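Novice: With the hints as a guide, bring both chains together as one complex.
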Amino acid sequence: MMFVVGTAAVLLALVLAVAAALRGPTVFDRLLAGNTIGTLAILLLAVFGFWAGRPEWLDIALTYGFLNLIGTLAVLKFFRHGDLAYDVEEDGAIDSEASS
Amino acid sequence: MSVVDVVDALSWVAIALGSFFVVTGAVGLIRMPDVYTRMHAASVIDTMGAGLIILGLILQAGFTLVTLKLLFILALFFFTGPVAAHALAQAALHEEIEPKLDHDRRAYSGHAADRGAADNELIAGFEEPPTDKE
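Residue numbers (my numbering), protein chains in the order written: chain A, 847 to 946; chain B, 2 to 135.
Check each hint, because a few of them may be wrong.
Quick list of simulated restraints, FRET-style, between CB atoms [said to hold, decoys possible]:
| hint | chain 1 | residue 1 | chain 2 | residue 2 | range |
| --- | --- | --- | --- | --- | --- |
| 1 | B | E96 | A | L858 | 26 to 34 Å |
| 2 | B | F80 | A | D905 | 14 to 22 Å |
| 3 | B | T38 | A | V861 | 17 to 25 Å |
| 4 | B | F73 | A | K923 | 34 to 42 Å |
Hint data in this document are derived by calculation from the structure and do not stem from the laboratory. Please read all numbers here as calculations on a predicted model, not as lab measurements. Where a beta carbon is used, it is the ideal one built from N, C-alpha and C, also for glycine.
In isolation and in its complexed conformation, chain B is listed as follows (with noise of 0.2 Å):
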């Protein structure tokens, strides 16, 4: 096996494992119960999926202009993915979309009176966890 038999090897086996990391991603869009859980499973192929695929694409181009187009898409990700998945996750806050949770654990937050009604609601059906001083 020469060099360069190991350099497709090794480009094969990150396109393939990029390419289950993307299609997982978008099984948990479909599966995922709310905006904020799929959000989770979207920045999968924004990082895992994206970067592999395109590690492998690396490996195949060599050191040419190709690469360096590559590593300027992977740095796109990497900046616009967050910024993009902030600006979603507030402006749907903003919208008050609420996430779906077990247990609100915003409802231990501040003080007894800064609790609203809907506060002293979630906090009624609650467990008070064990506290150590006791």
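Next up, chain A with everything else stripped away, as it sits in the complex (with noise of 0.2 Å):
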């Protein structure tokens, strides 16, 4: 019955971060909201897993994590450098530039 309250609360939680990554207003607020939503997708497959007798969808939450977070840092970088395959030799100004 535990269970119950943990995928309640997870399933709202979910809603909250759907409205702030609809909300925005800049990319990276809608970035940080995708990763959370990302975060809460795996805590449901976990807490829904284990309430429908199903714990084997770990195995799908922890791929699911790690899709996640290559996903975020590949929108990141596309964001920073405006390229996915941004050549730092080619523009060593760009330590500098952040750093400033």
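Specialist: Right under this line is the structure:
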């Protein structure tokens, strides 16, 4: 019965996170909300899997966690450099620019 | 009360507390004013919320393969959370999104000669802190 409480809480948090992602206003707010949605999806898979008596769903949750990290980093790299295949050697000024 | 009942009760408490922290973090994601403070709220979900809920699930599972998988998920959160947060904050700073501050303490750092016009504007509306020397 306790899994119902956990599932309901995670679902409520998911609704709030989707609202935050829709509201923005900057792309980084949306990315943060997207990352949170991924975390909550992992938790939902775990708790709901226990409720349904199918803890094997944890494998899917693990896979989803790694995909979430790679996706977030890829989108961040895209918005920082405007290009996923950015070459630091071409433009060494990026480090001094970031630290100033 | 047998040992099983005690473990069951502890698991209940952990999942209920974790649910509370998950909802708290999501509400913070809505209510916080800028992206840096929202990251602070979102980290509550990554650490306390996920940690307590997974702890409760571990207490339910006992010594099985499921517990090992749950520990892997917990380790994943503890390593990927800081990496994602650091990359996000660095990208936001690089895009020159300013943190909302009551007092900009960066105005004190460095020499006066290095300050730009924007820094001097910040300092103009600023009270010098009292020094102990005088």
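Novice: Does each hint fit the structure? Answer for all of them.
Specialist: Now for the hints, and whether the structure bears them out:
1. B:E96 with A:L858: 26 to 34 Å: Holds: the Cβ-Cβ distance is about 31 Å, inside 26 to 34 Å.
2. B:F80 with A:D905: 14 to 22 Å: Given about 18 Å between the Cβ atoms, the range holds.
3. B:T38 with A:V861: 17 to 25 Å: holds (21 Å)
4. B:F73 with A:K923: 34 to 42 Å: violated (26 Å)
Taken one by one, the earlier hints fail for this structure only at number 4.
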